[in-house]
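Trainee: Could you build the full structure based on these sequences and the hints that come with them?
The chain contents come next:
There are 2 protein chains.
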Amino acid sequence: MNVQRKRIVIVGAGFAGLQAARQFRSAPVDVTVIDKHNYHTFVPLLYQVATAGLEPEEVAQPIRRILRGARNVQFLLATVTAVDLDGRVVITSNGRVAYDHLIFAAGSTPNFFGLESVAKTAATLRDLDDAEALRDRVLLAFERAAAEPDLERQRELMTIVIVGGGPTGVELAGALAELKRHVLPHDYPELDLSIAKVVLLEATDHLLPEMPPKLRAKAKEKLEALGVDVRTGSIVAGADGNGVALRNGERVAADTVVWVAGLRAVPLAESLPIPTGAAGRLIVRETLQLPGHPESYAVGDVAHVGGPDTPPHPMLAPVAIQQGAVAAKNILRQIAGEELQPFVYKDRGTMATIGRQAAVAHIFGLQLNGFLAWLLWLGLHLVWLIGFRNRLLVLVNWGWNYLTYERAVRLIRH
Amino acid sequence: MNVQRKRIVIVGAGFAGLQAARQFRSAPVDVTVIDKHNYHTFVPLLYQVATAGLEPEEVAQPIRRILRGARNVQFLLATVTAVDLDGRVVITSNGRVAYDHLIFAAGSTPNFFGLESVAKTAATLRDLDDAEALRDRVLLAFERAAAEPDLERQRELMTIVIVGGGPTGVELAGALAELKRHVLPHDYPELDLSIAKVVLLEATDHLLPEMPPKLRAKAKEKLEALGVDVRTGSIVAGADGNGVALRNGERVAADTVVWVAGLRAVPLAESLPIPTGAAGRLIVRETLQLPGHPESYAVGDVAHVGGPDTPPHPMLAPVAIQQGAVAAKNILRQIAGEELQPFVYKDRGTMATIGRQAAVAHIFGLQLNGFLAWLLWLGLHLVWLIGFRNRLLVLVNWGWNYLTYERAVRLIRH
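Protein sequence lines correspond, in order, to chains V and Z. My numbering numbers the first residue of the first sequence as 1 and each following residue consecutively. My numbering numbers the first residue of the second sequence as 1 and each following residue consecutively.
Hints are not guaranteed to be accurate.
Which copy is meant is left open, so a pair is good if it fits within one copy or across any two.
As the list claims (entries may be wrong) - Below 20 angstroms or equal to it, Euclidean Cα-Cα: the simulated DMTMM-like pairs (lysine to aspartate or glutamate) are:
#1 Lys36 x Asp136
#2 Lys346 x Asp136
#3 Lys36 x Glu148
Hint data in this document are derived by calculation from the structure and do not stem from the laboratory.
Mentor: Written out as structure tokens, the structure is:
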């Protein structure tokens, strides 16, 4: 029997796409992974790049390096402009790629909830460019403050507003507060750092909504001890280059506003003829197949499993990784004529660091905080990071930062 | 006696400017260092950034970090747009800065010798952005080749021409040849790497003109053993996006052309009312003072000591470092009413790495090549690199690269 090898296309080399690609290693299929970058980004450490603690390159790994050894997996550097589900063709900036099976793992983008003024002026933290741009922006604001005679203007330049009290917002706020406390006073002896401020705005009544109440309170307590101005119940109504306006009429003057208040599926997802749920995510079957297109799958941040009435899974790396694996295995089952399996999320918990020796972790059913949670966070992120060399360099940096209180990558590049 | 503290302005935080700033530490003067970047770049390792062996951030150090502890030295992030020598004012993008003494250390830029077509299309290697852009360009060319069906076009994409057989050209050629040999074949199993080529063009009859003949020959031999096509006596007449034209009528088709054939003083130097010598360098007195402006000094790549008939010093870090120190000390002597000292270059030699365990060094009067020269090169560059953390990270990277034959930073960022 001469069976034609199936062609599988994976759109996106994030956590979901790469995990899917791994499943196909040495399977009798031909796989093409398409991404607009030639590297995979370890998103959970981006905030450390943004706060000058890590080199950008250490949280990225070349995709071809990751896929080395899987001779049936090819990489194509291209931007996907459209997917023709009926014609089974992915249209890219670098040509058309036909497929028998598709895994759509194109990821997410910041959700500004229609606030155009925020979209135009706020920094975000979704990829390496964002992280580097935020680092540049913060450092440049302090350079400007150093050359600024007016005290009020100095205050605006040295105020950083973070919008969104999820793990990213909490970690970023903690890291910026430490930068402000331990590093910037040495760099800018000419500035009065006591007027510098990190403000964390959260629309709901709690930081870290997915955490148990005890850990939420611990996180808030620790951030405040670091000098972060935590304001829950603060809903942003708009922004300009000099600050944010709150819905209650208040205004916070700040040159740097970072928006980490939510994500939505990439616009490409909504271009597919598939119903979408909240945040523009494609509604997929429990097997992760697209409705009406059983050969095609959507996974990770672009997917909403079940109907519009089913609550979506959080846009987190563990969900993406587990879905990537299930989609790939289901394709192999489909090819073999076996029964498909539904996706069931194994929630092992979440964690967030807040600063030196401080973190909160709700993991394996345990509630941890303080030094132990921090060690656990460091260890797990080191293990999860792709590439032994990256781990080594990050470990050297972490050790260095811990011992010297330094954040050495204080370069303004662009 | 109430003496007004003298204000000293240093334009440029390269090797010359920083060395000058160091001399003023704890002297009774107020110093402002002005640079358009907030970091100092260790130029001798840029070629390793361009060949994906080092992270860009590891060969840079924040200027404020370097100047920490010198409370009488300030930093201003600004682009200098003009210098009013008579009015003793430096005009910058960030305001005017008055001075009593000036050290002009604004550095150099590639010298295209009037070849506009080369200036427009060739890559260069003078700063961190150049190095990252060259890395991006080489890797992107291979990505394009991987998606290119036409073999001739593939060949153009995979050919890299380096123009200039000085130390930078030699080191870059060796590093690219190793990238081509050890790394790219694993990344691009779909490509026939035997058609990829590194071509090194040198206008004179010898590589490394400043080296003794024996070492020149060794360098050529080693490069050729690595597969580099070394062509001496090849004068470039022009370039476009697809290759270079030689003066003898030949053409080398290549998507990537790197111009490291010469440097000239930055354009700002020629805007000063001071006679210039070869390569637009300011002619300064033996004390490094500007003629007619005894309070002002020029050092490093912008300076040509003596008259137009005196051969200029090479544009190298050791010259810049020694001149920076002499200028600063002369200013302190001037303030103290002491006699100024002339600059005398102590030439300790030059060196260039060519690849794994291979280098040539003419240093301390010795002619070394091979493993010993390579070890010496590694050791000295590690010592010269600024910042203990940078040294540590570079050492980890070098160890990693040596043991694994890897060049891990294969990211296309822009």
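Trainee: Evaluate each hint against the coordinates.
Mentor: Hints versus structure:
no. : hint            : in the structure
1   : Lys36 x Asp136  : between (23 angstroms within a copy, 14 angstroms between copies)
2   : Lys346 x Asp136 : neither (38 angstroms within a copy, 39 angstroms between copies)
3   : Lys36 x Glu148  : between (40 angstroms within a copy, 17 angstroms between copies)
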